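Line by line, the protein sequences are chains A and B. Going left to right, the first sequence walks through residues 1 to 333 as our numbering numbers them. Going left to right, the second sequence walks through residues 1 to 261 as our numbering numbers them.
Keep in mind that the hints are not guaranteed to be accurate.
Which chain A residues face chain B? A few, computed with CB under 10 Å, are given here [to be verified]:
id: 1; residue: N82
id: 2; residue: A190
id: 3; residue: I203
id: 4; residue: L248
id: 5; residue: I249
Covered stretches of chain A (chain B as the covering partner; in silico rule of three or more C-beta atoms under 8 Å from a C-beta of chain B) [what the hints assert, rightly or not]:
id: 6; region: 178 to 188
id: 7; region: 205 to 215
Don't read these hints as lab results, they were simulated from the structure. All values reported here derive from a predicted model rather than from experimental measurement. Ideal Cβ positions, reconstructed from N, Cα and C, are used throughout, including at glycine.
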Amino acid sequence: MAKLLSKRNGLIFVLVVALIMPFIVPNDYILHVLALVCIWSISVYGINIFTGYTGNLSLAHIGFFAIGAYTLGLLTVKAGWNFWLAFLAAGVLSIILGFLVGLISLRTNGHFFAIYTMCVGYIIYLIIDKWDSLTGGVRGLIGIPGPASIGPITFESLTSQYYLLLFFLILTIFITKRIVHSLLGRTFIAIRNSEELAQTIGISTKKNQLLAFVISCFFAAIAGALYASFVRFIGPEIGGIFLGFEMLIYLVIGGLGTLSGPIIGTLLIVFLTQSLQFMQEYKMLLFGPILLIIVIFYPNGIVGAIEGIKRKTRQKRKKSGPNKGYSGIEEVS
Amino acid sequence: MALKVENLSKTFGGLQAVNQVDLEVKKGDIHAVIGPNGAGKSTFFNLISGFHPPTSGKITFNDHDITKMPPNKIAKLGIARTFQTTNLFEDATVLDNVIIGNRLRTKSGLWDAIFRTKREKREEKESLEKAYEALDFVELTELANEPIANISQEQKKRVAFALALATDPELVLLDEPAAGVNPDETEGISALIQKMADSGLTVCLIEHKMSMIMSLADRIMVLNQGKRIAEGTPDEIKNNPVVIEAYLGSDEDESAEVTNL
């Protein structure tokens, strides 16, 4: 019980820190970066549902991020829709497109799936880049409105926008947690563990992979739409493969298939990137080795490594001390 | 007849892996499939459980034609199987590995997961109970919260059995259940298989350990180069000259086992 309480206290502490952030940061710049961390994290949670928990690598994810961003941008700027209506449309469109892309791409497996989805991602990028009359091509799309006010709540100041993004991030984490700890989440994990075994115990692997894929596309599009409304300007590079790999790096370093991995990885790498700004492109010289070390020695990222250490000490304690015999289901984190 | 296989064939390119095999398995029986390495035993199981579509022939299970069904639907009809390698999730606990076995009898989806509906809670409870029931059956209840990585090979086999049992099957296909476990433990596995049959399950198993097969099986089918060369009670098989020849003509170790009987 004490352990549970301390875990809950830890969560409350993190939440409180996140909430008072706007009042303790020395300047708006850091708050701006934190807001971006929220956006990236939502997208990384999306990758985590599919790649982390269900075990297939999709490289089309960034394409759906761009679809979300451009849907919101085009509908508000060119069609003059209400912000929240456009936001909803971005989510719905990503579900429809995600379903169609998933339906076809999930006919392939493993590396072929990764290659196929990379092609899909690149096609999305090319469409945005080349369809000048619709998307504005390389010039991008400017003048995207910020989130429209809801009743008396407005989102004009940076602080209010930060809170809005934080709200969406918390919602994303909450939904992920619910999914992971449900029968559906167990199904995803069973598929990641062994597709063959999952089929034998009566799980329709394709159907569940498709569902996970659509959920992941949805999160990507929501993050994209939030990005567009936060930065107010989007160009085709937000659908580029580089950004896609960057998000994947956040996830791998944080911890694939863990609940807190996406936010920890994103937070860490984004701030590391910011503080290494002076190194410009050479910062990759530092990231490369870090990534290699993590992939080789801690394939489950920082969170996976910490959990491994925790598990070992718990076992040691169990072996030495009297058996406490904790019952119930171990949380799959 | 619980399971009826008629004229079943499977070719991989030019290789005739399974060649016009007939088999009838009676409800509640323990039916063994034996044969030298490469005889097509595992392929035969893969055909029944839906992993490969047969080239020709027909498979019926409880009057359902399952010849062209995908594995997950076959599992829902009540055929469970285990693999030569256990395929369990090493990082998770024994219980976590087994809970998912009941998934095919549950309906909770995304909506239920996000809102933790009554159905989700009820089905989670049912799955947990089912898992404990299965672990109880294979006598592993006390290891429920142990990670798979910490348990022995024989215990892993038992977990794989529990997972198969958690799907609530009528027919269980066991692919070399005693492979990689020591002689003492083999007896335990034998007793467990007998217990399954006694509880009303129909069991089909592939095994190389002859003494185990001879004492356990009600009937035995012998495959050689994809063909069924004999079928009968253990006594009939033991004295069948065709079977002895097939074993003598292949692997020395296995022939020794047969002649030792």
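For each hint, the structure was consulted:
Proximity of N82 of chain A to chain B is violated relative to the hint, the smallest CB-CB distance being about 26 Å (cut-off 10 Å). A hinted interface residue such as A190 of chain A counts as satisfied when its beta carbon comes closer than 10 Å to some beta carbon of chain B; here the least separation is about 5 Å, so the hint holds. This hint holds: I203 of chain A has a C-beta 6 Å from the nearest C-beta of chain B, less than the 10 Å allowed. Interface hint status for L248 of chain A: violated, as the beta-carbon distance to the closest one in chain B is roughly 22 Å, over 10 Å.
For I249 of chain A, the interface hint is violated, the least distance from its beta-carbon to any beta-carbon of chain B being 23 Å, above 10 Å. With a cut-off of 8 Å between beta carbons, the region 178 to 188 of chain A has 8 residues touching chain B; three or more are needed, and the interface restraint holds. Against chain B, the region 205 to 215 of chain A contributes 3 residues with a C-beta closer than 8 Å to a partner C-beta. That satisfies the three-residue criterion, and the hint holds.
Of the numbered hints listed earlier, those contradicted by the structure are 1, 4, 5.
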